[in-house]
Amino acid sequence: GAGVSQSPSNKVTEKGKDVELRCDPISGHTALYWYRQSLGQGLEFLIYFQGNSAPDKSGLPSDRFSAERTGGSVSTLTIQRTQQEDSAVYLCASSLALNSYGYTFGSGTRLTVV
Amino acid sequence: AQSVAQPEDQVNVAEGNPLTVKCTYSVSGNPYLFWYVQYPNRGLQFLLKYITGDNLVKGSYGFEAEFNKSQTSFHLKKPSALVSDSALYFCAVRDKGPNAGNMLTFGGGTRLMVKP
Numbered sequence: 014g015a016g017v018s019q020s021p022s023n024k025v026t027e028k029g030k031d032v033e034l035r036c037d038p039i040s041g042h043t044a045l046y047w048y049r050q051s052l053g054q055g056l057e058f059l060i061y062f063q064g065n066s067a068p069d070k071s072g073l074p075s076d077r078f079s080a081e082r083t084g085g086s087v088s089t090l091t092i093q094r095t096q097q098e099d100s101a102v103y104l105c106a107s108s109l110a111l112n113s114y115g116y117t118f119g120s121g122t123r124l125t126v127v
Numbered sequence: 002a003q004s005v006a007q008p009e010d011q012v013n014v015a016e017g018n019p020l021t022v023k024c025t026y027s028v029s030g031n032p033y034l035f036w037y038v039q040y041p042n043r044g045l046q047f048l049l050k051y052i053t054g055d056n057l058v059k060g061s062y063g064f065e066a067e068f069n070k071s072q073t074s075f076h077l078k079k080p081s082a083l084v085s086d087s088a089l090y091f092c093a094v095r096d097k098g099p100n101a102g103n104m105l106t107f108g109g110g111t112r113l114m115v116k117p
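Going down the list, the sequences are from chains G and P. If you read the first sequence in the numbering used here, its first letter stands for residue 14, the second for the next number, and so on. If you read the second sequence in the numbering used here, its first letter stands for residue 2, the second for the next number, and so on.
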């Protein structure tokens, strides 16, 4: 597509429920990144993919968080048993390759856990 | 490890005046440096980058930034601010080294408020 697309744009969920956040990168971009932006804070790196592989998952905040990417395209970030501290804007970005200069970001998914 | 500091949470400037948003960084080797802007309810938009070459880089919307290796800084500047420049600005760094991580590290962001 023309840009990085994220869905849903807004998600309100009850504490303890599971949520799935979707990222559709720019066509042909092999690298994909997930960041989290909490209220009043900067961007926290979560995970990146090179193709379908995520070599380093140490940025994920807890084992309730997981991510996958299929077909070298769409990625899903899953949060199980959501907690209130998971409330944030989740941003996805893609780049042509891992060593490309800079990213193109999506508009983000605003997650609110009530 | 790489890190970025944006020492000002907010910068206030009058329309027509010059603006500066400060950024300092720390990397083990040489840096790639970036500025992004975020408007309300939007993702981050790329403004400009320093990869190599001239220390003064020009970007979108009349913004520019100067790479200063001795001061490890990459301050964002614009000669004449517009009300429409009001947004959240993020500085980011990536180490050029062969063992560098593959992600950008972002500063905490600086909110720019331009008053008419």
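It should be emphasised that the hints constitute simulated quantities derived from the structure, not laboratory data. Ideal Cβ positions, reconstructed from N, Cα and C, are used throughout, including at glycine. One thing to keep in mind: the hints can contain errors.
Chain G regions said to be covered by chain P (calculated; three or more residues, Cβ under 8 Å) [said to hold, decoys possible]:
#, region
1, 55-68
2, 81-89
If you want the ones that stay clear, here's a sample from chain P, every Cβ over 10 Å from chain G, calculated [said to hold, decoys possible]:
#, residue
3, K23
4, I52
5, E65
6, L105
7, T106
8, M114
9, K116
Status of the hints after comparison with the structure:
Under the rule that three or more residues need a Cβ within less than 8 Å of chain P, the assignment of the region 55-68 of chain G holds, with 5 such residues. Requiring three or more residues with a Cβ within less than 8 Å of a Cβ of chain P, the coverage given for the region 81-89 of chain G is violated, as only 0 such residues are present. Residue placement check: K23/P keeps its beta carbon more than 10 Å from all beta carbons of chain G (closest about 15 Å). For I52/P, the condition that its CB be more than 10 Å from all CB atoms of chain G is violated, with the nearest at approximately 6 Å.
With a cut of 10 Å on Cβ distances, E65/P stays outside the contact zone with chain G, its closest approach being about 16 Å. Remark: the non-interface label on L105/P conflicts with the geometry, its nearest Cβ contact in chain G lying 7 Å away (cut-off 10 Å). Once the 10 Å rule is applied to beta carbons, T106/P is inconsistent with being away from chain G; the minimum gap is 7 Å. No Cβ of chain G approaches the Cβ of M114/P within 10 Å, the least distance being about 16 Å, so the stated non-interface status holds.
Listed as outside the interface, K116/P is consistent with that label: its C-beta sits roughly 22 Å from the nearest C-beta of chain G, beyond the 10 Å cut-off.
In summary, the structure is inconsistent with hints 2, 4, 6, 7 from the numbered list given earlier, while agreeing with the others.
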